[in-house]
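**Student:** Using our numbering, the letters of the sequence shown correspond one by one to residues 1 to 932.
Among the hints, a few may not be true.
So the derived label-pair ranges between C-beta atoms look like this [stated by the list, open to error]:
#1 651 <-> 726: 21 to 27 Å
#2 641 <-> 667: 46 to 52 Å
#3 709 <-> 466: 36 to 42 Å
#4 430 <-> 667: 41 to 47 Å
If you are wondering where the hints come from, they were derived from the structure by calculation, not from laboratory data. Where is the CB? At the ideal position from N, CA and C, for every residue including glycine.
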Amino acid sequence: MDKRRREAGRVAFALAVLAITGAGWGLSAQEPSLSPTAAVATVFSGGVAPAAVEAVRREGELSIDGRLDDPAWQPAPIITDFVQGVPLEGAEPSEPTEVRVVFDDGALYVAARMYESDPRVIRARLTRRDERGSFDSFKLSLDPNRDGLTGYEFEVSAAGAETDKYLFGDTQEDGNWDAIWDSAVQVDDQGWTVEMRIPLSQIRYEARPGVQTWGINFERRRLETNETDYFALQSRTARGRVSQFGTIDGLQLARSSRRFEVRPFAVSQYHTAPADIGNPLFDGSEMEPRGGLGLSMGIGSAFSLDATVYPDFGQVEVDPEVINLTAFETFFPEKRPFFVRDAQIFTFAGSRGGRMGGGKALFFSRRIGREPRGSGPYEADYRDTPHLTSILGAAKLTGRTQGGLSVGALAAVTGQEMGQAYFAGPDSLGRFVAEPQAEHAVLRLQQDLRGGASKIGVIGTGLKRELPGSGSFDYLPSQAFSFGLDFEHQWGGRRGRDYRLWGFYSGSLVRGSSDALVRLQRNPTHYFQRPDATYLAVDSTATSMFGSDWRVQLEKEGEHWTWGTWFGQQTPGFEVNDFGFLTSGERLDAGARISYRDITPGDLFRNYNISLFTYHNFRHSLLQQVRDRDNWRRSYDTGAAWLSGRFTFLNNWGLNLNVSYSPESQSDTQTRGGPLMTEPAEFNVRVDANTDRSRAFHVSPRFSYRMAAQGRGHDFNTGLNFSFRPVPNWRFSLGPNYSNRRDGAQYVTRTETLTYGPTYGTRYLFGDLQRTSFSMETRLNVSFTPDLSLQLYAQPLLSSGDFRGYRQLATAGSFDFLDHAEGRAYRFNGVVTGCTDGTTCAFDGVRYFDFNTDGVLDYSTRDRDFNIRSLRGNAVFRWEYRPGSELFLVWQHARRESVLLGNFDINRDLEGLFLAPAENVFIVKVSHYLSI
Numbered sequence: 001m002d003k004r005r006r007e008a009g010r011v012a013f014a015l016a017v018l019a020i021t022g023a024g025w026g027l028s029a030q031e032p033s034l035s036p037t038a039a040v041a042t043v044f045s046g047g048v049a050p051a052a053v054e055a056v057r058r059e060g061e062l063s064i065d066g067r068l069d070d071p072a073w074q075p076a077p078i079i080t081d082f083v084q085g086v087p088l089e090g091a092e093p094s095e096p097t098e099v100r101v102v103f104d105d106g107a108l109y110v111a112a113r114m115y116e117s118d119p120r121v122i123r124a125r126l127t128r129r130d131e132r133g134s135f136d137s138f139k140l141s142l143d144p145n146r147d148g149l150t151g152y153e154f155e156v157s158a159a160g161a162e163t164d165k166y167l168f169g170d171t172q173e174d175g176n177w178d179a180i181w182d183s184a185v186q187v188d189d190q191g192w193t194v195e196m197r198i199p200l201s202q203i204r205y206e207a208r209p210g211v212q213t214w215g216i217n218f219e220r221r222r223l224e225t226n227e228t229d230y231f232a233l234q235s236r237t238a239r240g241r242v243s244q245f246g247t248i249d250g251l252q253l254a255r256s257s258r259r260f261e262v263r264p265f266a267v268s269q270y271h272t273a274p275a276d277i278g279n280p281l282f283d284g285s286e287m288e289p290r291g292g293l294g295l296s297m298g299i300g301s302a303f304s305l306d307a308t309v310y311p312d313f314g315q316v317e318v319d320p321e322v323i324n325l326t327a328f329e330t331f332f333p334e335k336r337p338f339f340v341r342d343a344q345i346f347t348f349a350g351s352r353g354g355r356m357g358g359g360k361a362l363f364f365s366r367r368i369g370r371e372p373r374g375s376g377p378y379e380a381d382y383r384d385t386p387h388l389t390s391i392l393g394a395a396k397l398t399g400r401t402q403g404g405l406s407v408g409a410l411a412a413v414t415g416q417e418m419g420q421a422y423f424a425g426p427d428s429l430g431r432f433v434a435e436p437q438a439e440h441a442v443l444r445l446q447q448d449l450r451g452g453a454s455k456i457g458v459i460g461t462g463l464k465r466e467l468p469g470s471g472s473f474d475y476l477p478s479q480a481f482s483f484g485l486d487f488e489h490q491w492g493g494r495r496g497r498d499y500r501l502w503g504f505y506s507g508s509l510v511r512g513s514s515d516a517l518v519r520l521q522r523n524p525t526h527y528f529q530r531p532d533a534t535y536l537a538v539d540s541t542a543t544s545m546f547g548s549d550w551r552v553q554l555e556k557e558g559e560h561w562t563w564g565t566w567f568g569q570q571t572p573g574f575e576v577n578d579f580g581f582l583t584s585g586e587r588l589d590a591g592a593r594i595s596y597r598d599i600t601p602g603d604l605f606r607n608y609n610i611s612l613f614t615y616h617n618f619r620h621s622l623l624q625q626v627r628d629r630d631n632w633r634r635s636y637d638t639g640a641a642w643l644s645g646r647f648t649f650l651n652n653w654g655l656n657l658n659v660s661y662s663p664e665s666q667s668d669t670q671t672r673g674g675p676l677m678t679e680p681a682e683f684n685v686r687v688d689a690n691t692d693r694s695r696a697f698h699v700s701p702r703f704s705y706r707m708a709a710q711g712r713g714h715d716f717n718t719g720l721n722f723s724f725r726p727v728p729n730w731r732f733s734l735g736p737n738y739s740n741r742r743d744g745a746q747y748v749t750r751t752e753t754l755t756y757g758p759t760y761g762t763r764y765l766f767g768d769l770q771r772t773s774f775s776m777e778t779r780l781n782v783s784f785t786p787d788l789s790l791q792l793y794a795q796p797l798l799s800s801g802d803f804r805g806y807r808q809l810a811t812a813g814s815f816d817f818l819d820h821a822e823g824r825a826y827r828f829n830g831v832v833t834g835c836t837d838g839t840t841c842a843f844d845g846v847r848y849f850d851f852n853t854d855g856v857l858d859y860s861t862r863d864r865d866f867n868i869r870s871l872r873g874n875a876v877f878r879w880e881y882r883p884g885s886e887l888f889l890v891w892q893h894a895r896r897e898s899v900l901l902g903n904f905d906i907n908r909d910l911e912g913l914f915l916a917p918a919e920n921v922f923i924v925k926v927s928h929y930l931s932i
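Using the sequences provided together with the hints, build the complete structure.
**Tutor:** What follows is the structure, encoded as structure tokens:
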């Protein structure tokens with residue numbers, strides 16, 4: 001009890017610190033800021049005046065029913081000046097649009113009429129809330145801070161389905177942001193109409209005396225002509241999105257809108273799975289009821305303090321099945337509501353993904369409440385480990401001051417998680433620590449300058465683990481910290497933002513026992529133990545490790561030509577995986593891109609873009625002998641050159657072509673901590689196409705082929721995606737995918753048996769792997785109303801891996817191998833004692849090797865052939881029974897089996913899939929929204 005009180009006290013302390021800190025920042029209207037006029041003049045320094053509208057205070061009653069007959073609309077000026085953005089930028093819209101705007105102390109109201117000469121062409125396709133789709137729609141965008149960087153989008157389809165997003169960084173969006181607002185639509189003989197009410201409590205703005213100017217835009221999407229019309233043109237040839245908004249003047253909002261929201265939720269989960277006879281820890285089923293609470297309080301009108309106790313783990317969606325044969329973990333996105341809301345404010349410029357930099361993030365929220373890593377005593381007959389680590393409480397403060405300072409602060413405490421172990425001999429139960437208690441903290445600050453055209457920011461993260469005194473978790477660092485500084489500066493051109501210089505510097509510091517640091521130095525992102533890396537070495541006495549990462553990039557936008565170039569560095573000691581995400585090691589990085597685009601429809605294309613892109617990474621060994629050409633070859637880690645083209649035809653069909661070449665390099669990961677190994681050059685081609693996605697039925701075929709030199713292998717992948725709407729509120733999609741891959745050097749294992757000098761005493765074994773996979777992602781979405789929907793998802797996956805030959809790396813830094821001839825296992829008294837007619841053989845799931853061909857077995861390891869049969873799926877019934885309040889009924893089904901066969905037989909594997917052990921989870925989840 002005392003321990004729980006201490007934990008609860010830490011949560012309360014974190015909440016108090018965030019609240020006090022928020023109050024200390026002021027969050028008031030007293031801070032100095034650019035005047036609206038100055039901000040507009042700065043943003044549009046190129047001399048292009050923004051579209052503008054005058055706001056009118058609401059007078060009289062106004063009901064949100066989609067009919068534009070309320071007297072409150074009459075005094076509002078009618079906005080008719082729309083311009084076409086797609087397909088012909090700057091042209092007159094094919095059909096007129098009218099918009100009115102009024103406001104009061106509590107909300108902003110918008111009414112719009114979308115005229116149609118023939119109302120039968122209106123695509124009123126019904127979808128659930130926030131679902132992407134093809135339909136006629138109207139969108140309102142707001143920039144209350146008039147910073148040209150952040151804003152909000154509210155979109156309503158012609159069928160009444162709502163979508164909302166938070167905009168940040170001028171070009172990015174967060175679709176996980178949800179607001180509580182009202183809308184209604186009507187279809188008549190003139191077209192269709194929409195009314196919207198946006199409560200001011202749902203957006204962040206600065207309440208102050210006098211008249212305000214906000215950024216605003218209206219957007220109409222018309223599928224009959226695949227057309228998009230804007231109030232303020234959002235040019236595809238200019239950088240930015242929010243910075244291209246028009247303005248709404250005359251807003252008078254002297255008082256903050258009060259906001260205090262409570263979201264309690266309850267979850268009941270019933271789990272069934274196969275159980276072993278004699279296992280007292282699981283009898284085949286279990287019931288798990290739980291609940292939690294989320295709070296959100298407005299501090300002024302621009303800041304929000306959010307807190308949660310035992311938060312929702314987002315059980316509604318499932319992660320897809322992934323077969324990972326690399327040395328790095330697989331990235332899965334965050335899905336828990338508390339962490340996805342306002343997540344964009346913690347985005348740092350050094351967070352990115354892709355081949356050129358690998359996955360990277362200083363802050364990865366899925367580390368909070370991660371799956372426990374303690375496995376319990378190995379001598380136990382049965383062990384029961386929790387699937388997740390309990391989050392005792394978390395709080396975050398987010399918002400932006402009138403002076404342009406964006407603030408994000410988060411604190412969370414996860415409890416010590418316990419598992420159970422059963423010992424059959426003495427028939428006893430024991431408990432073990434499955435995950436130690438930990439405290440997490442993140443602080444992100446970013447200051448906008450020059451009306452959002454420039455900005456500078458900092459970030460800091462911290463993790464502290466309360467490691468148990470038993471030493472069972474001494475392999476984990478006790479503390480992990482990271483910090484970063486990023487900047488962005490835009491200038492020049494028609495709008496003053498055609499040139500962009502941005503960059504960042506980040507550092508990491510990890511502390512722990514010498515065991516933890518040795519383990520860290522030897523993991524795949526570092527491999528300090530590499531025997532041929534003279535500039536690296538494992539320090540067995542180290543109790544801390546520091547590293548850094550930086551990058552500088554210059555970019556140019558233009559009507560046709562765009563380009564960019566960058567260089568950067570990541571030092572060997574950079575490590576953020578305790579609280580962040582990292583799948584790349586040390587490097588010196590440089591690259592460039594250049595593109596040509598044309599958005600004006602011609603005789604064949606609606607628009608097209610052709611790009612050339614290249615990057616090249618080197619290890620730090622390059623710095624030892626910069627003038628040595630051979631050292632450049634040894635230090636070359638990875639690189640590629642791409643030529644790509646994206647073409648949209650006049651009939652709205654699309655075609656993407658990608659061709660790339662990767663030169664020969666020296667890999668420091670193929671031997672999993674051993675010496676360098678040559679990675680042969682490879683050539684890739686990929687083709688993607690699609691029919692018109694606005695139609696009820698469309699198809700997207702894809703094809704890719706990779707071919708590597710020196711027998712490294714090839715990779716063939718093809719698939720189709722069918723999407724069909726038999727009726728406006730049903731959407732069915734089917735995505736079969738087939739891949740066939742041969743990898744001539746798939747890492748298997750290593751051994752020091754019979755010392756082998758050319759690879760520093762250790763033998764590195766590889767396999768000639770033939771992989772075949774077939775999957776079919778299937779979805780059915782049925783929207784009964786915008787608030788009532790059913791989603792069905794299934795992903796069957798069949799994959800085989802046949803190791804057709806085994807080989808040993810002959811020389812460090814090469815792609816030369818000593819091949820092992822396949823033989824037959826010779827047994828004496830039931831024991832394998834040799835391999836007949838070969839130097840390797842397999843029997844009963846074990847692979848044997850005779851390295852020196854003397855007829856005596858030298859080494860054995862498990863057979864690596866595999867067949868994986870997997871099925872994952874779920875059914876989700878969602879009912880938003882009142883705005884912000886939801887009921888979920890969920891069924892999750894999974895079955896998985898792995899067998900040692902190797903060859904691919906779709907009929908046999910499908911039959912085996914449906915005979916594989918099944919696991920079911922049934923969930924009832926209710927969340928209730930209260931606004932106080």
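**Student:** Among all the numbered hints in the text so far, which are the ones the structure does not match?
**Tutor:** The structure breaks hints 2 and 3; every other hint is satisfied.
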